[in-house]
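With the sequences and hints as input, model every part of the structure.
For the record, the sequence lines run as chains A and B.
Just so we're aligned, residue 1 is where the first sequence starts under the UniProt record's numbering, counting upward by one.
Just so we're aligned, residue 1 is where the second sequence starts under the UniProt record's numbering, counting upward by one.
Keep in mind that the hints were calculated from the coordinates and are not lab data.
Heads up, a few of these hints could be off.
These stretches of chain A come out as covered by chain B in the derived footprint (C-beta under 8 angstroms, 3 or more residues) [what the hints assert, rightly or not]: (1) 18–27; (2) 44–50; (3) 134–148; (4) 211–225; (5) 292–305; (6) 363–375.
Covered stretches of chain B (in silico footprint by chain A; criterion: 3 or more residues with CB under 8 angstroms from a CB of chain A, positions within the stretch not fixed) [said to hold, decoys possible]: (7) 109–116; (8) 139–147; (9) 183–191.
All C-beta atoms, glycine included, are put in the ideal place defined by N, C-alpha and C.
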Amino acid sequence: MNTITQASRRERLATIERSLASRHRREKRFRRLGLAAVVTGMVLVLILFASILMRGLPAFWQASFHLDIHFDPEIVDVSERPSREAGESEADFRERDLIWLSEVGRVNWQQLIDNALEEALGEEIEPRQARDLRALVTSAERRILRDRFIEDQSMLGETHTIKLLASANVDVWLKGNIDRDLPDSQQQLSAQTREWADRLYAEGVITNAFSTALFLNTDSRSSPASAGLAGAFMGSLFMMLIVMVLSVPIGVASAIYLEEFAPKNRLTDLIEININNLAAVPSIVFGLLGAAIFIGYLRLPLSAPLVGGLVLTLMTLPTIIIATRASLRSIPNSIRQAALGIGASRVQTVFHHVLPLALPGILTGSILGVAQALGETAPLLLIGMNAFVSNIPSSPIDQASALPVQIYLWQGNELRNFFEARTSAAIIVLLALMLSLNALAIWLRKKFETRW
Amino acid sequence: MNNLALMAGVLVVMALAYQLGLTRSKAVVGDGQRLHSRPGYYGLLVALWCGLPALLLLLLWGVFGSDIVQFLVVQQLPAETAAFSDREMVLQMRRIGALAAGNNINDPQQFELAAAAQQARLETIGRLTVLASMAVAAVLGLVVSRRQITPHMRARNHIERVIMVALALSSGVAILTTIGIVLSMIGEAVNFFRFISPADFFFGTTWNPRFSTSGDTGQGEFGLLPLLWGTLMVSSIALLVAIPLGLMTAIYMAEYAPPSLRNVAKPVIEVLAGIPTIVYGFFALIVIGPFLSGLGEVVGISIRTTSALTAGLVMGIMIIPFVSSLSDDIITQVPKALRDGALGLGATKSETIRQVVLPAALPGIVGAFLLAASRAIGETMIVVLAAGNNPVLHANPFEAVSTITVTIVNQLTGDMDFASPQSLVAFALGLTLFVITLGLNVIALLIVRRYRQQYE
Numbered sequence: 001m002n003t004i005t006q007a008s009r010r011e012r013l014a015t016i017e018r019s020l021a022s023r024h025r026r027e028k029r030f031r032r033l034g035l036a037a038v039v040t041g042m043v044l045v046l047i048l049f050a051s052i053l054m055r056g057l058p059a060f061w062q063a064s065f066h067l068d069i070h071f072d073p074e075i076v077d078v079s080e081r082p083s084r085e086a087g088e089s090e091a092d093f094r095e096r097d098l099i100w101l102s103e104v105g106r107v108n109w110q111q112l113i114d115n116a117l118e119e120a121l122g123e124e125i126e127p128r129q130a131r132d133l134r135a136l137v138t139s140a141e142r143r144i145l146r147d148r149f150i151e152d153q154s155m156l157g158e159t160h161t162i163k164l165l166a167s168a169n170v171d172v173w174l175k176g177n178i179d180r181d182l183p184d185s186q187q188q189l190s191a192q193t194r195e196w197a198d199r200l201y202a203e204g205v206i207t208n209a210f211s212t213a214l215f216l217n218t219d220s221r222s223s224p225a226s227a228g229l230a231g232a233f234m235g236s237l238f239m240m241l242i243v244m245v246l247s248v249p250i251g252v253a254s255a256i257y258l259e260e261f262a263p264k265n266r267l268t269d270l271i272e273i274n275i276n277n278l279a280a281v282p283s284i285v286f287g288l289l290g291a292a293i294f295i296g297y298l299r300l301p302l303s304a305p306l307v308g309g310l311v312l313t314l315m316t317l318p319t320i321i322i323a324t325r326a327s328l329r330s331i332p333n334s335i336r337q338a339a340l341g342i343g344a345s346r347v348q349t350v351f352h353h354v355l356p357l358a359l360p361g362i363l364t365g366s367i368l369g370v371a372q373a374l375g376e377t378a379p380l381l382l383i384g385m386n387a388f389v390s391n392i393p394s395s396p397i398d399q400a401s402a403l404p405v406q407i408y409l410w411q412g413n414e415l416r417n418f419f420e421a422r423t424s425a426a427i428i429v430l431l432a433l434m435l436s437l438n439a440l441a442i443w444l445r446k447k448f449e450t451r452w
Numbered sequence: 001m002n003n004l005a006l007m008a009g010v011l012v013v014m015a016l017a018y019q020l021g022l023t024r025s026k027a028v029v030g031d032g033q034r035l036h037s038r039p040g041y042y043g044l045l046v047a048l049w050c051g052l053p054a055l056l057l058l059l060l061w062g063v064f065g066s067d068i069v070q071f072l073v074v075q076q077l078p079a080e081t082a083a084f085s086d087r088e089m090v091l092q093m094r095r096i097g098a099l100a101a102g103n104n105i106n107d108p109q110q111f112e113l114a115a116a117a118q119q120a121r122l123e124t125i126g127r128l129t130v131l132a133s134m135a136v137a138a139v140l141g142l143v144v145s146r147r148q149i150t151p152h153m154r155a156r157n158h159i160e161r162v163i164m165v166a167l168a169l170s171s172g173v174a175i176l177t178t179i180g181i182v183l184s185m186i187g188e189a190v191n192f193f194r195f196i197s198p199a200d201f202f203f204g205t206t207w208n209p210r211f212s213t214s215g216d217t218g219q220g221e222f223g224l225l226p227l228l229w230g231t232l233m234v235s236s237i238a239l240l241v242a243i244p245l246g247l248m249t250a251i252y253m254a255e256y257a258p259p260s261l262r263n264v265a266k267p268v269i270e271v272l273a274g275i276p277t278i279v280y281g282f283f284a285l286i287v288i289g290p291f292l293s294g295l296g297e298v299v300g301i302s303i304r305t306t307s308a309l310t311a312g313l314v315m316g317i318m319i320i321p322f323v324s325s326l327s328d329d330i331i332t333q334v335p336k337a338l339r340d341g342a343l344g345l346g347a348t349k350s351e352t353i354r355q356v357v358l359p360a361a362l363p364g365i366v367g368a369f370l371l372a373a374s375r376a377i378g379e380t381m382i383v384v385l386a387a388g389n390n391p392v393l394h395a396n397p398f399e400a401v402s403t404i405t406v407t408i409v410n411q412l413t414g415d416m417d418f419a420s421p422q423s424l425v426a427f428a429l430g431l432t433l434f435v436i437t438l439g440l441n442v443i444a445l446l447i448v449r450r451y452r453q454q455y456e
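So, in structure tokens, the structure goes:
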């Protein structure tokens, strides 16, 4: 009897031992599979960041001319700027000044640039080459000359070195973003312009200088090289302010109500399910809501950060409510009981004791919600924020764009060679903003995290 | 801007009222008496009685004021304008409004000048009336409530009631949002179904919305099926990428990874979930698309740069963090006793995971997958940039497709005249999208909730 069980036991052990090797192999395989999944995810993300950084970083530097501009009195032939005379009304003076400004605007500033280029190239430019010459400097730059002159009229007759942006095509050519061996017919620039650009670059007249235009200018259609993010940034800033001012107080208030005061009944159950569902509704649906209600019904202005802010507020509200509730729930009941025990009312308990303790969690959730709203694109397209706006918005009801929408607009620009880098640069700016918000949230959570 | 200044003024007055209430409450309390509440509550009560009615009046004027003025001005217009259509009337009122604001318009008519003068006068009168009634309400509220302060008055209870009402109203905003979504979608979708029958929409196999500006008298065809098919194709590819990778990541993070790795990787994953979708879209367009198309050339299949595959692949990458963090939460919720039991019987770790932990966590994980699916279906920017916008029924993932979300963007951007089926269709599509995602979410949340209860 004993020997039989002994034998069967040994047999069983042998079976187990035989299978053990393959089981351990399988264990190892499974583990490696898991690690491979983690690594794959990380590698994909690395590729994403690397490809965007590689494309975008060069766009922060832009081909720029340093030209000796001679403010030739023969070309800048304008009368003296009017000064206010005694007894003249403010309106009359402003009108005379406007007339003078338009006179300045009519000056052929391009001629100054052309002359300076001719000087820098050291050769006589024939009239038939005028087009080749004008392809060098981007078209909006003559306005810089005008503005400099309006600022300081003593420049008349003098020569100043002024930094002017090269045209987008020159930038692309010098950075090698277009195949240099393509035949003439497929090149954006004429052979003459390319030769000039190379020569001026070698001579140091053109350098690759840090692009302030990217940060200080608004979008530009006629002069792509000077297109910048300032307008979109202000639009996003206005929207974020609206989101913060509206969604944080409303979200926190409703979370407090639901978590601390609401009676458990059908209605509060419904609100709870409703909030969880709203958090998972696609963002584009909120855009449709904005188009139908804010624009179609309430007749709020199209493309305004006000409407964008309202739509994003509704979108972030569930996120903030859920985060706040989780944060309130993590406060142990003993705190509440202690406060109630020494005679605080329920409202006092919540506002004097529970809320301050839950604040770090609420802050973290709110920052994450706002960061998410900052990157949202789809709903903004439906309320007209993809319109071309050439002014920096000065109030939330002005027309504006937003950073992610600007990215969308630039990636669709026909001047692919130039805007691929510009778009990546805009993405870097957006990601930097979002990542710093996220980092702030994580830091706050780490700093104030309490373990009960 | 004027209203903002007024509001600031009211706030200043409220601060003053607070001080008055505070001093009053301290003054009324006699020797040996005690106030019911702390003095601050009395101050707050006076401030609220002083400021809230005034702010309410301002709000009412802001909402209804211009309508009342417009109505009165319209009454005064000469008889011939009664025959104007709505559109002409709007233009007419805009001209008068511009005149009243002091701007010049071309060729102003005599009656327009008169109406503008009247509008300006009415606006001034209305403003002054509101201002006066606000002042009266503020002073009255201040005086009356200040007089009512006695040591026995339950100021704190009054304040707390106001706070409760404010809190409850805030939580109503979420309900209002849902109602707003449903009503606006249904309302505009019904308008759309006046042009196109629901059967043609839901079962049509051709998508060809001719734009009315082309002079074409036909309405175009609005068949949903090609778009729905495209949506399903892209989302399925995304889930095929995201589910294995996300689930394996979650398992590794929950069961194998040392705490040091977990502490680094968890926040990284959280941050990834926050990258805007437009960035993923751009990545798909300039990196993944050309790469896949090049790969296809090597293998000998033609893959378009913008295709269902490109969009699906990148969308899958986007959802990995979503799937992994949800599954991670669910796997860590499986009680330790189950694991210990299996390990104690001699199972290896992977056997425990596959045969004990995963089956126990299955309902929750399925819920997570459903949430991921709903997110994939509603995703917009990646498909707008990388799916190619080709609304045709075909089964080739290497070809371009179009989805519901892409079409909503295409049909509605830039056109805010909700009168043609071409723009109204966006709402019918939105409603379809909303119903699909809502269904998935409700089922998923129910499953996850039941799963949580099981182990609590």
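Problem set entry | Proximity test - 8 angstroms, beta-carbon atoms, the segment 211–225 of chain A to chain B, at least three hits | The restraint on the segment 211–225 of chain A is violated, since only 0 of its residues have a Cβ under 8 angstroms from chain B and three are required.
Problem set entry | Coverage criterion applied to the segment 18–27 of chain A (partner chain B; beta-carbon cut 8 angstroms; 3 residues) | Contact hint for the segment 18–27 of chain A vs chain B: holds, 4 residues under 8 angstroms.
For this session: Given that the segment 44–50 of chain A was listed as covered by chain B, double-check it with a C-beta distance under 8 angstroms for 3 or more residues.
Result: holds (count 4)
Problem set entry | chain A over the segment 109–116 of chain B, status - at least 3 residues with CB closer than 8 angstroms | Per the Cβ count (0), the hint is violated.
Problem set entry | Assertion that chain B covers the segment 363–375 of chain A - criterion: three or more residues, beta-carbon distance below 8 angstroms | holds (count 5)
Exercise. For the segment 139–147 of chain B, do at least 3 residues have a Cβ located nearer than 8 angstroms to some Cβ of chain A?
Worked result: violated (count 0)
Exercise. With a cut-off of 8 angstroms between beta carbons, are at least three residues of the segment 292–305 of chain A near chain B?
Worked result: Satisfied; 6 residues make the cut.
For this session: Go check the segment 134–148 of chain A versus chain B for me, would you? Three or more residues, Cβ under 8 angstroms, otherwise it fails.
Result: violated (count 0)
For this session: Establish whether the coverage given for the segment 183–191 of chain B by chain A is satisfied; the threshold is a Cβ-Cβ distance below 8 angstroms, and no fewer than three residues must meet it.
Result: Coverage by chain A holds here, the residue count being 4 at a Cβ distance below 8 angstroms.
In summary, the numbered hints that this structure violates are 3, 4, 7, 8.
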